[in-house]
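Using the sequences and the accompanying hints, generate a full structural model.
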Amino acid sequence: MAQRTHIIAELKKALRESGHTYADVARKLQLSVASVKRLFSTEDLSLHRVDQVCELIGLDLRAILERAADRTAPTNQLTLAQESELVSDAKLLFMTWLVLIRTPFEEMTRDYRFTEREALQYLIRLDRLKVIELQPGNRVRLLVSRHFSWRPGGPVQKHIHQKMLREFFASAFAGPREEFFFHGGRVSDEALGQLKRALRGASRECAEIIERDRSTTQTRSGTAFVLAVRPWNYSGFSQFDRDLPAVADASP
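In our numbering, the protein residues as written are 35 to 286.
These aren't lab readings, by the way, just hints derived from the structure by calculation.
With a straight-line cut-off of 30 Å between C-alpha atoms, the simulated DSSO-like cross-links for lysine-lysine are:
| id | residue 1 | residue 2 |
| --- | --- | --- |
| 1 | Lys197 | Lys230 |
| 2 | Lys192 | Lys230 |
| 3 | Lys46 | Lys62 |
| 4 | Lys164 | Lys197 |
| 5 | Lys47 | Lys62 |
| 6 | Lys47 | Lys230 |
| 7 | Lys125 | Lys192 |
| 8 | Lys125 | Lys197 |
Restraint-style ranges between C-beta atoms, simulated for each label pair:
| id | residue 1 | residue 2 | range |
| --- | --- | --- | --- |
| 9 | Gly187 | Asn267 | 16 to 22 Å |
| 10 | Gly256 | Asp78 | 44 to 50 Å |
| 11 | Ile244 | Ser205 | 18 to 24 Å |
Quick caveat, the model's predicted, so the values are computed rather than measured. Just so you know, even glycine gets a beta-carbon here, dropped at the ideal spot from N, CA and C.
Here is the structure:
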């Protein structure tokens, strides 16, 4: 019942965000507006009707379920102590990455250098750290939001900057399977906010693509993407900045 409540609430929010009204839903479902309001208030929407509403707003049911799960997740960020322990053990950090991208236990032991016993030991450590809840059958339930972020300036982010990004950007991005875009400009605070929202949306879409691809039978290979924005002046260019002109003296 609680899950149904969260799903209906997320569906209402998605409707508002897309600019649709109950009248739009009524036309889609071929019902009266009063009937639609009653369905939402009593949370009596069938799966077929939920699918119809999702079609109206341009989202699939998976996206609604994921958004509902994210909003009920306990946290969007780990503590300093949690992150410190993660980076203290390379295998533990890697196991954390595997559970965050929802890797099944059988894949952990099949595709990576973990014995079943070793993989289970690391999952138990993550359970004790309150990053996951280890369930029967070695299944994992994340105790963090699907779109959580590492602590700014924290242990994991430092590790990413000092090691992972340095290696990632060492590539020329010239291969047929690579892509690189870099663009910038002088923008207002309002435009900067729009850029941040666009990047969050792009990040969510990329994560959903990766999640859907898990069901493919095609060969998969390790892939990474980076999205970032911040007010920034390249030090090599800032030396050429012209100081703002002094205000002219208006006195006679």
